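S.K.: The chain contents come next:
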Amino acid sequence: MKKFLAILLAAMLVFTLAACGGNSEETTTSDENTSQEATDIDYSSVKVGYIFLHDPTDSTYDKNFQNAVDEVKEKLGLKDEQILVRSGIPETEECKDTALELVDEGCNVIFADSFGHEQFIMEAAKECPEVAFYHATGTSASTSGIENFHNAFASIYEGRYLAGIAAGMKINEMIEKGEIKAEDAKIGYVGAFPYAEVISGYTSFFLGARSVCESATMEVKYTNSWFDEAAERTQAIALIDDGCILISQHADSPGAPRACEERKVPNVAYNVNTIDLGPTTAIISSKINWAPYMEMIIKAAATGEKVDTDWCGTIATGSVELTELNKDVAAEGTQEAIDKAIEEFKAGTLKVFDCSKFTVDGKHLETYTEAYGLEGQECIATENGVTFFNESSIISAPYFGIIIDGITAVENA
Amino acid sequence: MSKPDTHHEPLIRITKNVGMPMWKAWLVRIAAVVIALVVCAGFIVILTRINPFEFYKVMIRGNFGTKRKIWSMLQNLAMMLCVALALTPAYKMRFWNIGAEGQVLMGAAATTFLMIHLGNSLNPWILIPLMAIVSMICSAVWAVIPAIFKAYFNTNETLFTLMMNYVATQFVAFLITFWEGQKGSNTVGIINGTTQGGWLPTIGGQKYLFNILIVFALTVFMYIYLKYSKHGYEISVVGESENTARYIGINVKKVIIRTVALSGAICGIAGLLLVAGSGHTISTETAGGRGFTAIMVSWLAKFNPLVMILTSFIVVFFERGASEIATAFGLNVKMADILTGIILFFIIGSEFFINYKVHFRSRHTEGGNK
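Chains as they are written, first to last, in my numbering: chain C, 1 to 413; chain A, 1 to 370.
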């Protein structure tokens, strides 16, 4: 008996090893048939290193970047070895070390995706002036004076406003059907951290919803983490128990959409299509499409062109998008309402943070000079007869950090 | 079928194995590492169908591939070793301090506080020793709280120190709300990035060398302290038997509190090195789980500080190698945790085969049962 077991184990071990040996040749030639687009630009000198905070297979935020990487890689016909991805890189010295390691491995373009990576990327940029560094969501490039360091973001507040319209339409439908009363139209929002990027996001979403459903109010709860599935789920459920009839979120795990599907509460998501997670509850997602920017920086590396130090993508550049509308859940006429708003954005007649549409402590904003990092600079502008908070124009990262009337945000609840 | 009248012997019998020679014990450990590596490679090969030799190559490349990688491996080794050294005196006394994570964080918080408030005004020759002293005191106080309860009320130190970790983590999260750059962003950023106030010195352009030297000195100190000092002797006696210690006139309460304070103080040094010597920032992740992994590092080295250099290296090497494998083969980063888990499972498992003998039922009696 003992011998038999021993032989069996030994045999298993041998087979495992043999199996590996046999299959090893297959792997070498897999990336030959990528679509070679006929372009004039030679990309062979470009090698891009990506630094992601979490693993794209877990986090929807990083997944959104990974999707853009894959799309651009295919479009420009880049080879596997021209793209290096390092995921799960924390916002510590490890970020700088990783960036420098990528440079060691021959990368001439480095891109990092998380807010807290910024200062470490700036340090790396100072050490390697010949390499171009790009950082998404950061705030410092325009004032840092480091020539090879860039920030980028997109006017995602417009996307969130559009998603807010879809939410508002859904709430109106619920009111019409008699499922809820107009005064119970409370939206729940699960946010990550209580700072401008998140506040700007939920405020624009709320303003979108209120543009179609006047009685809408919103309650915000924070998780104090960008990725904490349990906390996002808990906060979503707490909001539902608190009487919220529709949930949206700005955090990176599937926690909130899953909780919504369980409780059969409609959900508006961010960055990825969540219809699979919530076939009967997911309405739509707003997302930043990073592909146009990534294509731009790779082209710049190949041609030696300059990229704006601080770049903000828009609906027009293809950087702000909505994912597929879930027709089974969305209210009738949603698509038309969204399309109409997009036209108005393009024409410049509609502004998300139109000062006449919201109040702070009962008053309409006339001047605002206290945005973080932009102290003393006027954030209120007037165009086409509309006075509005000029989000993402002084720097690309959002700086609307004001809690407006109608929104209750409880820090560390 | 009638039962034979032989006594019933179980299929597997385990007996305590006393006196396995040193060389044999190490042979078992090496075998465990080898088997662990084969299993890990097999696992990755099944998933990715790569050549198994590639697996080992990537693992080595992850640690030694470039000069930068070697330095960063040495820095990780030094930090792991530092926390393991901190735990060792307490463990030798059989005081199971599993609160190193929190103790390191308290030291890190103290260092951060001084860097932010005095970093740009105080002379570094005064500031840095002050940072070292204050962070050691803060961590020592944090560690001594459970020690006092243990010494006077005989509370369970394992649970107590563990719980103190969570308190420390939340405390640091709270402090970050005062230190963060943009309010609510939870990011402290690089402290004194332009002035480098309170940063530990770089030696010969190597930013990690100072840390490594400090930890090396600490290792030598701890070896001598435990082996040749009176304190070290008292620690082993209290660890063997508190009653014996009392009988020969050792003040047990004093030894417990003093030793745990030392344990905490060294955690404070780890906190100092992590903030002022490398990260130059703080987050609730600053200790990075080292407080827990170090338990194993110290235990595997049988509380011998010199052997701990080797055990820290093994743990750091595998952690880094596993993470390189995850990136190189496009696997989820959690795969690195799985691989590390497999390797540690084998390494810890090998201790069982060193401490116990396994007897299988002999063929003769097996036949008798048919």
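Please keep in mind that the hints were generated in silico from the structure rather than gathered at the bench.
One or more of the hints may lead you astray.
One side only, chain A facing chain C, incomplete, derived with CB under 7 Å [unchecked claim]:
hint	residue
1	G184
2	N243
3	N332
Below, in silico cross-link-like pairs of lysine-lysine (BS3-like), each with a Cα-Cα straight-line distance of 27 Å or less [unchecked claim]:
hint	chain 1	residue 1	chain 2	residue 2
4	A	K69	A	K57
5	A	K57	C	K126
6	C	K63	A	K67
7	A	K69	A	K230
8	C	K79	A	K57
9	C	K126	A	K69
10	A	K183	C	K363
11	C	K357	C	K186
Every value quoted in this text rests on a predicted model; they were computed, and no experiment measured them.
No residue lacks a Cβ here, since even glycine has one placed at the ideal position from N, Cα and C.
S.K.: If a hint holds in the structure, say so; if it doesn't, say that too.
M.R.: The hints, checked one at a time:
1. G184: The hint holds - A:G184 has a Cβ within 7 Å of chain C, the shortest such distance being about 3 Å.
2. N243: This hint is violated: A:N243 lies away from chain C, its Cβ roughly 45 Å from the closest one there, beyond 7 Å.
3. N332: Holds. Min distance 5 Å.
4. A:K69 to A:K57: holds, 14 Å
5. A:K57 to C:K126: Violated - the C-alpha atoms of C:K126 and A:K57 are around 32 Å apart, more than 27 Å.
6. C:K63 to A:K67: violated, 32 Å
7. A:K69 to A:K230: Roughly 41 Å between the alpha carbons, so the hint for A:K69 and A:K230 is violated.
8. C:K79 to A:K57: With a Cα-Cα distance of about 23 Å, the restraint between C:K79 and A:K57 holds, given a limit of 27 Å.
9. C:K126 to A:K69: holds, 20 Å
10. A:K183 to C:K363: holds, 24 Å
11. C:K357 to C:K186: holds, 18 Å
Checked against the numbered hints above, the structure breaks hints 2, 5, 6, 7 and satisfies the rest.
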